[in-house]
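K.L.:
The residues making up each chain are set out below.
4 protein chains.
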Amino acid sequence: MSDLPETNLDAMLKTMNAIKGWGHAMGVRLTLVTCERVEAEWTVGPEHLQPYGIVHGGVHCGVIESVCSVGAAVAAAERGHKGGVVGLDNHTSFIRAVRTGVTLKAVATPITRGRTTQLWQADIRDGERLVATGRVRLLAVDPEQIA
Amino acid sequence: MSDLPETNLDAMLKTMNAIKGWGHAMGVRLTLVTCERVEAEWTVGPEHLQPYGIVHGGVHCGVIESVCSVGAAVAAAERGHKGGVVGLDNHTSFIRAVRTGVTLKAVATPITRGRTTQLWQADIRDGERLVATGRVRLLAVDPEQIA
Amino acid sequence: MSDLPETNLDAMLKTMNAIKGWGHAMGVRLTLVTCERVEAEWTVGPEHLQPYGIVHGGVHCGVIESVCSVGAAVAAAERGHKGGVVGLDNHTSFIRAVRTGVTLKAVATPITRGRTTQLWQADIRDGERLVATGRVRLLAVDPEQIA
Amino acid sequence: MSDLPETNLDAMLKTMNAIKGWGHAMGVRLTLVTCERVEAEWTVGPEHLQPYGIVHGGVHCGVIESVCSVGAAVAAAERGHKGGVVGLDNHTSFIRAVRTGVTLKAVATPITRGRTTQLWQADIRDGERLVATGRVRLLAVDPEQIA
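Chains as they are written, first to last, in numbering that gives the first Met the number 0: chain H, 0 to 146; chain E, 0 to 146; chain F, 0 to 146; chain X, 0 to 146.
Possibly wrong hints are sitting among the right ones.
Since the list can't tell identical chains apart, any single copy or any two copies may satisfy a pair.
Said to hold, decoys possible - Subject to a maximum C-alpha distance of 20 Å in a straight line, what follows is the list of computed DMTMM-like cross-link-like pairs (lysine to aspartate or glutamate):
1) K19 - E35
2) K13 - E46
3) K19 - E46
Calculated from the structure, these hints are not laboratory results. What you are looking at is a predicted structure, and each value in this text was computed from that prediction instead of being measured.
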């Protein structure tokens with residue numbers, strides 16, 4: 000676990016959740032960020048649906064991409080990596096249909112955190128029930144590669 | 000190729016593009032829909048980015064999920080299937096970083112269109128350059144399974 | 000857990016391990032088979048290697064395919080399915096190189112066991128160390144589809 | 000295309016096909032090796048089957064792993080990389096069941112050949128009919144990482 004004092008975690012989450020972009024577009028709020036575990040939540044609204052009225056698979060893929068990427072970036076930073084990490088492959092499986100009004104929780108944990116690549120897994124649940132699960136392979140890149 | 004007269008295609012695209020939901024949230028416009036090929040476009044804006052300023056992988060996964068699902072649904076309908084199709088697994092690979100202002104094009108084509116499951120592939124390009132590519136396995140479901 | 004008395008499990012394992020085919024070619028021995036967990040072991044020999052002298056990724060994919068398929072077949076049979084199950088997609092990640100002489104253990108557990116499709120996961124370990132991990136999506140098919 | 004004179008290709012194929020290991024165990028013969036395309040063939044025998052009498056999915060995964068790895072290794076060598084390449088993830092989809100006696104052909108082509116990672120795709124066909132298709136992400140590693 001990260002040894003960040005809780006107030007630092009709060010400050011970091013506040014900063015990260017204030018970033019505009021796709022995380023914001025998805026409506027996802029990070030609630031825990033360490034190099035060993037990332038958690039996030041969002042409430043399903045009409046904007047998340049596909050035409051049948053269930054959550055679009057791309058939302059699950061996107062949330063899984065986010066939480067795995069955040070975890071891998073923190074893990075890389077904690078071992079002194081100066082650049083960032085970028086996703087190589089995202090493999091998400093859909094388990095159960097979800098409709099509007101439900102608050103979902105995503106939890107990402109590392110499978111391997113190598114120096115060059117990392118593999119993270121994230122599960123999305125509606126309470127106890129697994130809704131989607133995915134794995135993201137990420138690559139550590141030099142600062143100039145994403146400049 | 001579908002034998003839809005062009006005016007019917009136009010009407011169908013208009014209807015499909017008017018649906019609110021995740022396709023709308025992503026800003027994607029379908030430009031061709033047949034049982035053999037689906038095309039869509041979108042222009043990268045600040046809402047599509049991850050914190051490094053490049054397109055969030057979840058956007059690519061989501062667009063790939065959309066165009067493959069639309070193709071599989073049309074293919075299932077054309078062979079008389081009364082229900083819909085739902086995604087089982089989405090496996091998307093990221094090839095090249097993209098920044099704002101670029102208009103991307105996604106093209107989905109079938110790998111196999113079985114009665115029970117289908118496998119579609121979609122490539123996302125910035126002009127000639129491949130940006131992301133993915134495969135989606137889909138399952139034909141009965142009407143009541145998605146009611 | 001399966002309620003098979005232990006002697007029945009022993010008899011089933013003996014029967015399954017006597018089947019010639021790819022499991023035999025891989026040198027894998029099933030050591031536990033229930034609808035909730037499948038275990039298998041094999042010892043790495045020179046026939047399992049790729050040219051660099053480490054275990055060929057295809058061996059890991061193949062073992063993962065085997066143990067997930069066996070678990071899904073048992074789960075389908077226990078709910079009364081009369082046909083079999085076939086793999087749709089196998090997604091295996093390689094974590095750590097392994098050389099000859101090591102005995103590896105694979106453990107498969109279900110992620111979802113639906114009537115039509117199942118998703119199983121298998122981890123391969125060298126003692127405590129994770130070597131490879133994969134997920135297999137499987138489809139229940141009618142007897143005549145594999146006849 | 001590689002500029003190898005044909006006699007050199009023949010010599011290289013002869014050398015590569017003489018290597019014992021998993022390629023040999025699978026019975027696969029490389030028939031073309033360049034940095035842009037790798038081809039291989041094998042004839043399905045009883046040793047390749049799973050208990051239903053069709054080719055075990057692990058065989059397809061293994062052949063796909065082989066031909067993609069060979070292609071990526073050649074591509075890395077041609078750009079001066081001194082180490083080797085190792086597979087990170089193999090994602091194989093099964094399209095059509097195959098029985099004994101059939102000669103299958105695998106063709107691998109690159110999707111992207113970066114300095115650090117490459118993504119290759121391979122299709123396995125029985126004549127014109129697609130039997131399996133997969134993608135392998137590979138990582139260039141330093142010589143000492145596989146020593």
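K.L.:
Which hints from the list above does the structure break, by number from lowest to highest?
P.N.:
Structure breaks hint 1 only.
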